[in-house]
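Each residue of the sequence shown is one higher than the one before, counting from 2 in the numbering used here.
The hints are simulated quantities; they were obtained by calculation from the structure and are not laboratory data.
Each residue gets a CB set at the ideal place from its N, CA and C atoms; glycine is no exception.
One should not assume that every hint holds.
To be verified - In silico DSBU-like pairs for lysine-lysine, Cα to Cα no more than 35 Å straight-line:
no., residue 1, residue 2
1, Lys101, Lys372
2, Lys275, Lys347
3, Lys101, Lys199
4, Lys108, Lys199
5, Lys303, Lys101
6, Lys180, Lys144
7, Lys144, Lys108
8, Lys347, Lys203
9, Lys203, Lys303
10, Lys203, Lys108
11, Lys303, Lys180
12, Lys372, Lys203
13, Lys372, Lys199
14, Lys199, Lys347
15, Lys372, Lys303
Claimed, not checked - Computed beta-carbon distance windows for the label pairs:
no., residue 1, residue 2, range
16, Val220, Asp9, 43 to 51 Å
17, Pro276, Ala59, 49 to 57 Å
18, Val220, Leu22, 39 to 47 Å
19, Glu289, Pro175, 47 to 55 Å
20, Pro276, Ser196, 53 to 61 Å
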Amino acid sequence: MNFELPGDLRDMQATIRDFMLTRVEPRAHEIEETNHVPEDLLREAAALGLFGLSIPEAYGGVGLGALGRCAVYEALGMGHMGFGGVISAHASIGTSGLVKLGTDDQKARFLPRMASGECVAGFAITEPSSGSDAANIRTRAEKRGDVYVLNGTKHYISNAPIAGLLTVIAVTDPARGSKGMSAFLVEPQSTPGVSIGKIDEKMGQKGALSAEVIFQDAVVPAANLLGPEHLGYREALGILTNGRVGIAARSTGAMQRLLDLSVAHAQAREQFGKPIAEFQAVQFMLAEMEIAVQTSRVLWQKVAWMVDQGQDVRRMASVAKYHATEALSQVADKAVQVAGGMGYMKDSPVERYYRDQRLLRIYEGTSEIQKLIIAGDLLR
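Required output: the full structure, derived from the provided sequences and hints.
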């Protein structure tokens, strides 16, 4: 076994890490105050290829495999998590369905603009009645000639306020239950009958905008059906599975940043005449943080490798997401403790990470859902 990333991936990871620390982090206060990612930062991200991570080179993307994408996601985790959320929602679940299931025409129409950052993407599955219970989707898509008419409401949809394209999961055959769902490519800004609700006010992850998406007799061309009709609940959630590996990688990057900040603070902060790094209680917290980083990194690397080998990662993707997001929660708490009162202040990146990381244990499948997936696969 070789645990070293290939040289080109190490170089790209280092480039993105430097971008996050030197370009994005200095603008963190601005993003927090405005709840908006500056356009110039998004343009720089596009120039670095961040919007085209999973898009084949033939369509203007970088064409990375899962290992490469996750290496980049770890680097994204070392900077402002709201910024990272915009990129990952686009490059992961917002893009993967089209790359995997799209027709040549669909790919030619959308992927080049998505790779350039001109068209930001998102994935719309969550509804007021179907969060963890995604099989309870109520949005309907009725076939009428050469179009589908969509009615229903999605909510908490990442990137919805800025999205040029959404992959929307809707029920096309209610009689088939969870096997009667289909996916559609919807352009929310130009499709009559589609409206975006007010921007959600969230605890953290400022700049990573989400909102309701309302469909009222929205007409979508049949040519925008993604994959086979009635592709089913299991296949629809398959789009989310690989995204969970990316969340594990982002969580690892966030843990690494918190550990770096904690080590630097412990070495500089003095109490009782010596650096607090010399106190065993602080050393124990730093050691536990390092253990969390290393175990999470090995897990996401293993699962990303499995994805690239074409293996079934349903169980292991849940293992990686559960472990890394739960570990990040503990690392963030320890980072605040090491920083003391300073870690509780709004101008501290530690305080921001403490708020931002909480969402990762909820979206793309809660920690409880991950445990159900793991146990169900073991017992199947």
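Consistency of the hints with the structure:
1. Lys101 with Lys372: 27 Å, holds
2. Lys275 with Lys347: 27 Å, holds
3. Lys101 with Lys199: Between Lys101 and Lys199 the Cα gap is close to 31 Å, so the pair holds against 35 Å.
4. Lys108 with Lys199: 30 Å, holds
5. Lys303 with Lys101: Given that 35 Å is the threshold and the Cα spacing comes to 21 Å, the pair holds.
6. Lys180 with Lys144: 17 Å, holds
7. Lys144 with Lys108: 23 Å, holds
8. Lys347 with Lys203: 16 Å, holds
9. Lys203 with Lys303: The given pair, whose Cα atoms are some 32 Å apart, holds under the 35 Å limit.
10. Lys203 with Lys108: Satisfied, since the Cα-Cα distance of roughly 33 Å is no more than 35 Å.
11. Lys303 with Lys180: 31 Å, holds
12. Lys372 with Lys203: 26 Å, holds
13. Lys372 with Lys199: Roughly 33 Å separates the two Cα atoms, so the pair holds.
14. Lys199 with Lys347: Satisfied, since the Cα-Cα distance of roughly 25 Å is no more than 35 Å.
15. Lys372 with Lys303: 19 Å, holds
16. Val220 with Asp9: 43 to 51 Å: Holds - the Cβ-Cβ distance for Val220 and Asp9, about 45 Å, lies within 43 to 51 Å.
17. Pro276 with Ala59: 49 to 57 Å: Given about 54 Å between the Cβ atoms, the range holds.
18. Val220 with Leu22: 39 to 47 Å: 46 Å, holds
19. Glu289 with Pro175: 47 to 55 Å: 50 Å, holds
20. Pro276 with Ser196: 53 to 61 Å: Given range 53 to 61 Å: holds, Cβ gap about 56 Å.
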